[in-house]
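Q: Sequence:
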Amino acid sequence: MTAGLPEGFAVRLGRRVRVLDGGRILIGGSPATALSLAPRAAASLSQGELTVTDPATGALAGRLLDLGMAEPVLELLPPCREPITVVVPVRDRPESLRRLLASIEGAHRVVVVDDASRRPGEIGAVVAAAGADLVRLDRNRGPAGARNAGLADVRTSLVAFLDSDVELTPDALPRLARCFADPGVGLVAPRVRGRLASPGGSWMARYDADHSALDLGADGGTVRPRARVAWLPAACLVARTDALGAGFASDMRVGEDVDLVWRLAGDGRRVLYVASVEVFHEARAGGWDVLSRRLLYGTSAGDLARRHGAAVAPAVLAPWSVAAVVALVLQRRWSVPLCGLVTGLTAERIRRSLPHAPHRPAVAAALAVQGLLAALSQAADLGLRHWWPVGALLGARSAALRRFLVVAAVCRGVAEHRRCSSHLPLAAFLVARRLDDVAYGTGVWIGAVRARAWSALLPDVRRTGRSVAGRRDAGVPRPVGGRSRGAPPRENTMSV
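By this note's numbering, the letter at position 174 of the sequence shown is numbered 174, and the numbering carries on one by one without gaps.
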């Protein structure tokens, strides 16, 4: 666990955090946690923000960040005076590179690494026109190897990695660099929004722009395995140079960004996703380009499972939620009563674990239902995405499973269509979403077979509720007890 935050650092509670008992109890984070605060600590958070003024508030702010309950308030952090070297790996795509270099503001040194382009002269002309430095590789090393070649030429304490098909928004790098006011931060990344390279485009290109695989949503926070945001794309990263060591795993052609983030988190570095800063990523032009990229992303699961084990599990479920989901999928007469009984017993366990507060039974019931819905969501993901071949095979033989998968596909598709405000017609979006799932799931199976890493396909069923990449918590809150000068000194994990 990382240390407290320095004086002047400011954090804001996330919008998903529940505040009870006049601010003395906070419920949220990833995994879900119930945090009991002393009156002084609650008063310091009265407006949902906390600025560090002493070691106690520094410890509390750091704890909130580590639990996934808060994110930095960039506007209240001091500007970073450290210079940043920008490293851009590229292979062909001179026009995309031209747009990126034009979007980089400030007096940053830019190192473009040409990863054995087929027309190196075009890349060289763009780099020279922008006044950047050029490193040429005589053979294609892949994104990880190209970034490492650029990293070897960095002499500043901070380095930014930008993919050539990204465009920065004004002040994106300086705003991200403010997070390094915390010496424990090793790496930060913005939200990556999709954007069409030109008006029009195929319907799959519009889907990719609206529903980018690199867009991790509007809620920022600490990044680590099994958190709500568990990985970061390398499209735009800013890091402490000394935290990177040898850099990216050069033998990985895909998934090297996830591997780097998990290694940094394992080394005790804070890794932050700052959703309030946005950059734009060029959407793929055609349907095959979109789907082949999704398939490629899926293949990384096998290599990541070989390196990081169960951290890459496609779902993380508590035993009680497995029982409830199986009952609902079977759709028998006893399914709803059994599901209600299991959820009710779980709500009672949550109630006993929560600190004493008004409306404690209602809060416990709401959290139990939330856990059930999260488990159903993960089960739908398994059947439609990671296990789609199994889902298709069994669904052809089971009317109950077929109904569950059809309803799940429609409900999730409609919800995602609304969430990302897609410009596609709903029917086209639903078809694109299913093709996306099939492509990614196929990649997961290919990667698992190649690496012989079957944990990439197996859900992680455990007694303590945890979360997994991009999914809600499947278990119940962990109670945090004790008070000491406004900062909770100990934490107890409740078995589910």
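Because the hints were derived from the structure by calculation, they are not lab data. These numbers come from a predicted model, not from an experiment. Careful, some of the hints might be misleading.
[Said to hold, decoys possible] Now the in silico label distances, taken between C-beta atoms and shown as ranges:
| # | residue 1 | residue 2 | range |
| --- | --- | --- | --- |
| 1 | Glu-95 | Ser-292 | 19 to 25 Å |
| 2 | Ala-130 | Thr-156 | 16 to 22 Å |
| 3 | Arg-109 | Arg-452 | 15 to 21 Å |
| 4 | Pro-170 | Gly-309 | 30 to 36 Å |
| 5 | Asp-171 | Val-326 | 49 to 55 Å |
Virtual Cβ for every residue (Gly too), placed ideally from N, Cα, C.
Q: If a hint holds in the structure, say so; if it doesn't, say that too.
A: Results for each hint:
1. Glu-95 x Ser-292: 19 to 25 Å: Since Glu-95 and Ser-292 have Cβ atoms about 21 Å apart, the given range 19 to 25 Å holds.
2. Ala-130 x Thr-156: 16 to 22 Å: With Cβ atoms ~19 Å apart, the hint holds.
3. Arg-109 x Arg-452: 15 to 21 Å: 43 Å, violated
4. Pro-170 x Gly-309: 30 to 36 Å: At roughly 41 Å between Cβ atoms, Gly-309 and Pro-170 fall outside 30 to 36 Å, so the hint is violated.
5. Asp-171 x Val-326: 49 to 55 Å: Holds - the Cβ-Cβ distance for Asp-171 and Val-326, about 50 Å, lies within 49 to 55 Å.
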